[in-house]
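Each chain, letter by letter, is given below.
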Amino acid sequence: MIKKIVYNICRMCPAQCPVQVEVENEESRFVMGNLYASGINGALCPRGAGAISMIRDDERPQFPMIRKGNRGEGKWTKASWKEALDYFAEKIESVRSKHGAKSILWSDGDRSLNELHKAFMSGLGSPNYCNENSAGLSNVSNASFSLFGFDSNHFVYDFLNSKHVVLQARNMFGAIEIKDVNDLLDGLEEGGHLTVIDVRSNITAGKADKFLMIKPGTDYALNLAVIHVILEEKLYNSAKAAVFINDLEKLQNFVRPYTPAFAEAETGIKADDIIALAKTLAKAAPAVIWYPGQMAAKYKDSFYVCRTAFIINALLGSIGAKGGVAIAATPEDAGGKGLKKLTNLVLKIKENRADGLGWMYPHFEDKGGLLHLAFKAIQTQNPYPIKAYIACGSDPLSSYPDPEAIKKTFENLDFLVSMPYCWSDIAWHSDLILPLSPYLESDDILKQVNGLHPCFFIARKCSKSKFDTLPSWQIISEMAKRLNIVPLMFNSIEKIWAYQLQETGVKIEDFDKTGFVGLSKKLIYLKKENIKFNTPSGKIEIISEKMEKQNIPSLLNYAPKGKQSEGQFRLTIGRCSVHTPAFTRNNDLLHEQMPENKLWLNSTVAEKLNISNDEIVLIKNKDRSGKIKVFLTEFIHPEAVFMVHGFGSGIPPESRTKEIGVADNILMPGGLDIWDVSGGGLALQEHFVSISKIT
Amino acid sequence: MSNYIFRLDTRRCINCKACEVHCKSSKFLPPGAKLGVLITVRPTQVVKGRRIVAAFAPCFHCAKPWCVSVCPTGAMIRREKDGIVYVNKELCVGCKSCIVVCPWHFPQVDETSGKIVKCDYCMDRIDAGLKPACVTACSVHALSFGKPNEDAAKVRDSFGKSTMVNKDWGIKPND
Chain A
1 MIKKIVYNIC RMCPAQCPVQ VEVENEESRF VMGNLYASGI NGALCPRGAG AISMIRDDER
61 PQFPMIRKGN RGEGKWTKAS WKEALDYFAE KIESVRSKHG AKSILWSDGD RSLNELHKAF
121 MSGLGSPNYC NENSAGLSNV SNASFSLFGF DSNHFVYDFL NSKHVVLQAR NMFGAIEIKD
181 VNDLLDGLEE GGHLTVIDVR SNITAGKADK FLMIKPGTDY ALNLAVIHVI LEEKLYNSAK
241 AAVFINDLEK LQNFVRPYTP AFAEAETGIK ADDIIALAKT LAKAAPAVIW YPGQMAAKYK
301 DSFYVCRTAF IINALLGSIG AKGGVAIAAT PEDAGGKGLK KLTNLVLKIK ENRADGLGWM
361 YPHFEDKGGL LHLAFKAIQT QNPYPIKAYI ACGSDPLSSY PDPEAIKKTF ENLDFLVSMP
421 YCWSDIAWHS DLILPLSPYL ESDDILKQVN GLHPCFFIAR KCSKSKFDTL PSWQIISEMA
481 KRLNIVPLMF NSIEKIWAYQ LQETGVKIED FDKTGFVGLS KKLIYLKKEN IKFNTPSGKI
541 EIISEKMEKQ NIPSLLNYAP KGKQSEGQFR LTIGRCSVHT PAFTRNNDLL HEQMPENKLW
601 LNSTVAEKLN ISNDEIVLIK NKDRSGKIKV FLTEFIHPEA VFMVHGFGSG IPPESRTKEI
661 GVADNILMPG GLDIWDVSGG GLALQEHFVS ISKIT
Chain B
1 MSNYIFRLDT RRCINCKACE VHCKSSKFLP PGAKLGVLIT VRPTQVVKGR RIVAAFAPCF
61 HCAKPWCVSV CPTGAMIRRE KDGIVYVNKE LCVGCKSCIV VCPWHFPQVD ETSGKIVKCD
121 YCMDRIDAGL KPACVTACSV HALSFGKPNE DAAKVRDSFG KSTMVNKDWG IKPND
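Heads up: the sequence lines are chains A and B, in that order. FYI, in the working numbering the residues of the first sequence are 1 to 695. FYI, in the working numbering the residues of the second sequence are 1 to 175.
Hints are computed from structural coordinates only; laboratory data are not their basis. Mixed in with the good hints there might be a few duds.
Stated by the list, open to error - Mimicking DSS-like on lysine-lysine, the simulated pairs with C-alpha atoms at most 30 Å apart in a straight line are:
#  : chain 1 : residue 1 : chain 2 : residue 2
1  : A       : K464      : B       : K147
2  : A       : K466      : B       : K89
3  : B       : K131      : A       : K3
4  : A       : K464      : B       : K27
5  : A       : K464      : A       : K341
6  : A       : K4        : B       : K131
7  : A       : K464      : B       : K34
8  : A       : K4        : B       : K27
9  : A       : K598      : B       : K34
10 : A       : K300      : A       : K629
11 : A       : K3        : B       : K27
12 : B       : K34       : A       : K629
13 : A       : K658      : B       : K27
14 : A       : K3        : B       : K34
Claimed, not checked - Covered stretches of chain B, as calculated for chain A (at least 3 residues, CB under 8 Å):
#  : region
15 : 98–104
16 : 136–143
17 : 148–159
For clarity, every value in this text was computed on a predicted model and none was experimentally measured. Just so you know, even glycine gets a beta-carbon here, dropped at the ideal spot from N, CA and C.
Please take these sequences and the hints and turn them into a complete structure.
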């Protein structure tokens, strides 16, 4: 075996775990987790294992394509890269001269490794760069921003050293980010305690010391009651808390009515269990983590669920603590220098954003944008028209609610470009497809990961390209050449790496041995005195001036959820280990693992409806419906149904995606308008469906 | 049985199926054939709470394998040095006798070539000093693979030492 090891960063899901690849004759033979990265030690999840089958698959766009017929009709002309990029530049130039640069929108599917894309948009002159956070992490991010003055990326959850972890609406062992999962399992082996709160007993609940099934939509009531118990029973160090937290008294007065008994009536979780949870947490403090939610916490008041989760951590002293919600150390904290930002190559655009972020909504952090509001701008041409849209590794037709409404919105676009790795709904619907090389076939920019052990990671090409696709850095360079964005005209990835590394003292050879460069010898826990909160008072602020100015309450009264109408179920969604929503639905190895999504339905409820396991039922919300197999279980709350996100019928070139269950987002009519103005997140779990037998 | 021991730590396993996908990916297997299989049952109520129970089933690599005895072409081979049972693809004619006689039906058919494929503990990896693909990249290090006696020695050693540490004889865990 003459094989060499090449280091890369997995892009099969947004977690971006570091990998190493056994390469023979410029072909990837085996991909595994990076052996040297802490918490990884060779491990890689099944989605990551599907990377090789993705590059071997013919069923992905193999060359640039220009649309011939109507949008979505599937008629294409094959183009060379020169033709495709010339066409791109010509169309973008025409939109820019007619409507101004700001009428161009970009969305990324990934949350990092996208600096060049941001720089490109600035170089073009548009402020309208978005990721898909408003269907994902916006509420968490902005909850952090409102309390601490910085977003949740500044935190790192120290699962390894935690004595008690609470996962609320977070199926961590189902979604799988390798380091977090292994750190938590290691922590549990060392005697750590795990509490899982969810509407269903998911895979993570299967590892929990305590599982609390909660009535869907009532998490906020639970969190308020936990704060009530902590404050009333003085389960926290009040002297220390007063040093770091402002307005504690207001918080105490506010939570007074939210007793455990009140929460029991709302959530269905016994008051005694709530008190016990608060007490066991207090005992383990400050090495505790109340995870502030992710994928599944998508209710109208989820921003406040996230805020109260952070507040519980703050009260218990976990913010910045070992085993708690630690602060992610930067290269500077390690005495070094960070990677030079590629966005510094171009001027920052001062123009108002189309989604209102920063001026209409000054209380949000301004990194990921609010893509659903950018769509609104396309539709209403307000505050100004958006006429061109570039979706890069992003597929809002799968990840955002109500794809039919989005497609209608797109009718106002003069130009819709997709840059996909594999087929996607938006690629099929676009005017121009610029196919990206999958990560195994491409180099990428260096990645800085802040954390207890700040590092730089490298992503090197492993396989030669099977088709006529290009890596994103090269596409950007080519676009820059045609649109005269001089600083981004890179001729090689080495030049980009050299730019990024120029202030760090790190050389590119330093990555050869392990695929990354660690910047500190030991773990860095910032001392509490050295943590700087970016709030006006420099403390954690329970009452946020920015929010209050916008007439958004810092402390929101809980609105009781009441009884759900008979025959209606709350549609809840989530992740699974073997698929990245929509992205892997046609991957042959992952499709084999899970060809369709099934609908979790409470077995007692099903008995009343005379529905049996594996029966195909009709699921319906207003005028939208689909057919899906049911999975009957007693381990889901009777008021909820659950399905894995990102399935549905796929598009014609994907042969493996026929009859594969239902896409949750088609069951969310009007869903683009159901969002939370306090946190920016779409409330994807405020939709109710009926289930009936197919006769 | 082979000279190796294969174990699944069910306390760590999160039923993610990475083992199956790594196996198939590393051997470029088409859909259908699965060499190692992670078998799980639906969520179950047990004394300590709700658990999802799993077991990993590759191939037992029997000491006297039925599949080897029955193979008419000598394609199914038991490697003398360590007991690994594997297929010589050149010789396999795809008659499937091995599947019929295997009480657990471990051998699989590669439908693109019509020949038998089965778990060979990733022999080439083992010979290169590595571990099988499923073990190497298991999401949570729940799968382990090794020589039983070496494994036992480690466990005995650490157990023995831990009892002495607990007796407060001034012995530290790393002594």
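Worksheet item: So which of the earlier hints does this model not fit?
Response: Structure breaks hints 1, 15 and 17.
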